[in-house]
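K.L.:
Keeping the supplied structure of chain A fixed, place chain B upon it in accordance with the hints.
Chain order of the listed sequences is A and B.
Sequential numbering of the first sequence, starting at 9, is according to the numbering used here.
Sequential numbering of the second sequence, starting at 18, is according to the numbering used here.
Calculated directly from the structure, the hints in this document are not laboratory data.
Any given hint might turn out to be false.
Partner residues aside, some chain A positions facing chain B, computed with beta carbon under 7 Å [unchecked claim]:
| # | residue |
| --- | --- |
| 1 | Val-33 |
| 2 | Val-44 |
| 3 | Phe-57 |
| 4 | Val-155 |
| 5 | Thr-162 |
| 6 | Ala-165 |
| 7 | Phe-169 |
| 8 | Val-172 |
| 9 | Thr-187 |
| 10 | Val-326 |
| 11 | Phe-327 |
Just so you know, these numbers come straight off a predicted model, no measurement behind them.
For each residue, glycine too, the CB sits at the ideal point set by N, CA and C.
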Amino acid sequence: MTRPLRIGLVLLTGLIAAMLVSLAVGAVAIPLSVIVNTLLDLDGPQQDFIINRSRLPRTLLAVVTGASLAMSGAIIQALLRNPLASPKIIGINSGAALAVLLSVVLAGGVPLGFLPAVAALGGVAAAAIIYILAEVRPVSPARLALVGIAVGFTADAGVDFILVTADTYDISAPLVWLTGSLWSRGWSHLGAVAPLLICLMGVCLLLSYRLDIIRLGSAQATGLGMHVRRARLVLLTLATLLAAVSVSVVGVLGFVGLMAPHIARLLVGGAHRTLLPVALLVGALLVVIADAAGRALVPGIEISAGILTAIFGAPFFVFLLLTREIEARS
Amino acid sequence: MKSVPAGNLRAGIVRGASAALLLGAVAVGALWSLSTGGRSDVGFGDLFRPDDLARTVLSDIRAPRTLAAACLGINLGIAGLALQAITRNPLASPAILGINQGAALGLALAFVLPIFGAVGPELMAILGAFGAGVLTFAIAGGFGGRMDAMRLILGGVAVGAFSYAVVRFTFTLEDDIARSVVRWTVGDITDIRWDATLRLSAWSIPGIIAAMILSQRFNLVALGQDAARGLGADPRVTLLLGTVLAAVLAGVSVSVAGPISFTGLVVPHLARFLFGGDHRILVPAVAGLGAALMLLADALSKVLTAPIEAPIGAIAALIGAPWFLWLAVRAKGFE
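So here's chain B without its partners, still in its complex pose:
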């Protein structure tokens, strides 16, 4: 028997240190997010010895928002990871493939048309997300077994543009919805309360578990179509399961916070950079990183433009869009 090679040991140490840093980042992000907000008199010190006012502010206003930010990071990060795995495309994410916009469309239909309203906004968002995902994959040829990288991205952008136009169309017809137009186009959790946060967080743990169950299939897809099939995992089944997972997580997120772009794109890349390509490790890593990043984004959204609060989605896009540009210039497989 050979002893553990030094390289593996070093990789293990790096991985352990990264995991510890990640947990630290989540904790720091959570504390920062909790200690900032509209009431500047409730600060970091009040986290540990709150008086009555501070306790109310913390438990009724800040805690649900902080938890929502973390759960959005988890949901969107896992959704992005699943999409990048099943499409084998580094540019895939809920926003780029039109899935977020599809969810927004489902939501808008639920508000405007009574028939769809009966289905419930959350389920409509999931259905819209799923429909958009299937449509994009069909355009890319994914169900024929061969996904065209360029058609996937351009098709997704077109599906997203269409859904978005229809969403704006419904805004135009309904004055009541139009007032919150920014919220539904950028993504915002400023006024979130416990009921919405609980709806969101209810899906985060099942989402992580489902992604863990699928992680081995994701690894097989990464080996290539033929290898995956040879090892007993039909890539088309993985494609469908991954789409369902991404649609549920993105749909729920959009129904609570509106479409937040680029979180689902950036987080999996960072996780791969830190933890390598094994999806069994990537799933928890993405969950942790997504939570940490969105907590930081939430805190930034409160302090960056104070006293006005910027929606968290605007902060995420401001960070994520240049990243996408950089990826687009460098990504392989488009020549």
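The shape of chain A in the complex, shown without the other chains:
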């Protein structure tokens, strides 16, 4: 058995264990035997309502969105050749959040099924600014991160303005959602985004070998018969959609897209055919743990998963800033 496969299996086992813990903890603690009874519909005590209505869908949602954000981050870091890049840093998350909030204020909210489309629109708009800058005038990775942060700030300013001027009744839900929370997410949210995200991730996995070819450099990649610009554009679009659609249901889970690819790279190295699946597992694991911890830390109170990912993610970002040499040119 190869090393990446072994690591993948360990992570998968860890993920399943974390999901079971996530089903068990919260305002009402549920013993493992009851969980197994409920999930497999066995005889004995069951907890149908809490598990099937509340904790199971949100745990699955944590898995899907965590995996999507991680994959998005891995692709963006590879294409921009920037270890500091992530969906949040380059403004996709904030752009998607602004678009969703605008739809609430201007159109009185859109049906849940259209929410991913609205978020994707906002994310793509924010990302387009960054990509145009990177394509038209080659800039350093640091500059790109800087402009991305600025785009994010601008979108955040719009978000704040809408939040504080809207009627108080309307804003309480977005306020919880914006901190990156899985609170009160159910099957309908999962149904709205999971099929799309899983398809997108599948396409990304199929294309992952192209990331390795692009890393050889433009000349080599063209020599190997690849249309480099088109491949970059397709992959960046996929990465943007993955992040933006995730934001549409769980809000801004900061730093997951930054941390997961780095942890995966430490585990299995930089070849993307193995890196992407491992990053996916790591991302899912991070969000499931953050969500479960947010419910378990203070019983009866929910701490948004996004708060916990930021508390651990920001120091991680500083660590990267201090230890990684940033490549001089994109």
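P.N.:
This is chain B only, laid out in the frame that chain A set:
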């Protein structure tokens, strides 16, 4: 002896005219801010011949708010000017370097933990601001003598994100604070009264004086590390003094009005554009411009979305964030 060159004379006239315009803008902003508000029946005419009702509204509700807006502009503008000077970085400001968020964190800790509560919210905000500033400069390598421009900004954003996450964490635990969450994340002076305004304004004049005293050191830092040291001003000392000044001014502002972003970024740029790069002139210019801009922002916050009032911080961010984007695209020193 040569006579004064024509260029200097012209520059002097431009400068004088700019100063006169600035004072005019402060006056207009103050009058506009005073004559607008929730009670639309108290308007501009009542400023000069108020009846009893108008006098109460003006002196108890509007005057403290108007003065607070002006003082916030002064404090945050000077803090931003000091930070841009000591880091030699055009993107530096209390919000970008995480100092505002650090102050908010100090404040939140004062509310939640009794040990810190004993220290007092104002001092905790200043300490939080100072801690965040020192941390950001340490990440950027500033105390080793060489500040990395990119690490400064990205490090500041990370310090800010961390502080902000912890602030939200404490909100989650304390329902009483959570109700005013918007106030503490955006920056708001809607309900400000005289006691808070006086706490804020007490620091504005000392802040200007301290910045004037430091202005020559700021000029020397602008010459570069070696030149500054050769002329007897260790840049690291300037860095520390400037950080203290910015932390006090930003910390007090945050403790009264919450974190207001981008005022500290935009005002020094406008001042440099109008008055050139000499900090001895920039300090009063920034004070005047900051006051004028925040007075206008306060008036806008009352009329733009009437009858709902938008917090002043939301207006400032709406103007300042695109400005930051423009600067980020154009700024030098990041290649």
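K.L.:
A separate judgement is required for each hint: does it hold in the structure or not?
P.N.:
Hint check results:
no. : hint    : result
1   : Val-33  : 16 Å, violated
2   : Val-44  : 31 Å, violated
3   : Phe-57  : 25 Å, violated
4   : Val-155 : 5 Å, holds
5   : Thr-162 : 4 Å, holds
6   : Ala-165 : 4 Å, holds
7   : Phe-169 : 5 Å, holds
8   : Val-172 : 5 Å, holds
9   : Thr-187 : 6 Å, holds
10  : Val-326 : 5 Å, holds
11  : Phe-327 : 10 Å, violated
Figure legend: structure checked against the earlier numbered hints; hints not met, in rising order: 1, 2, 3, 11.
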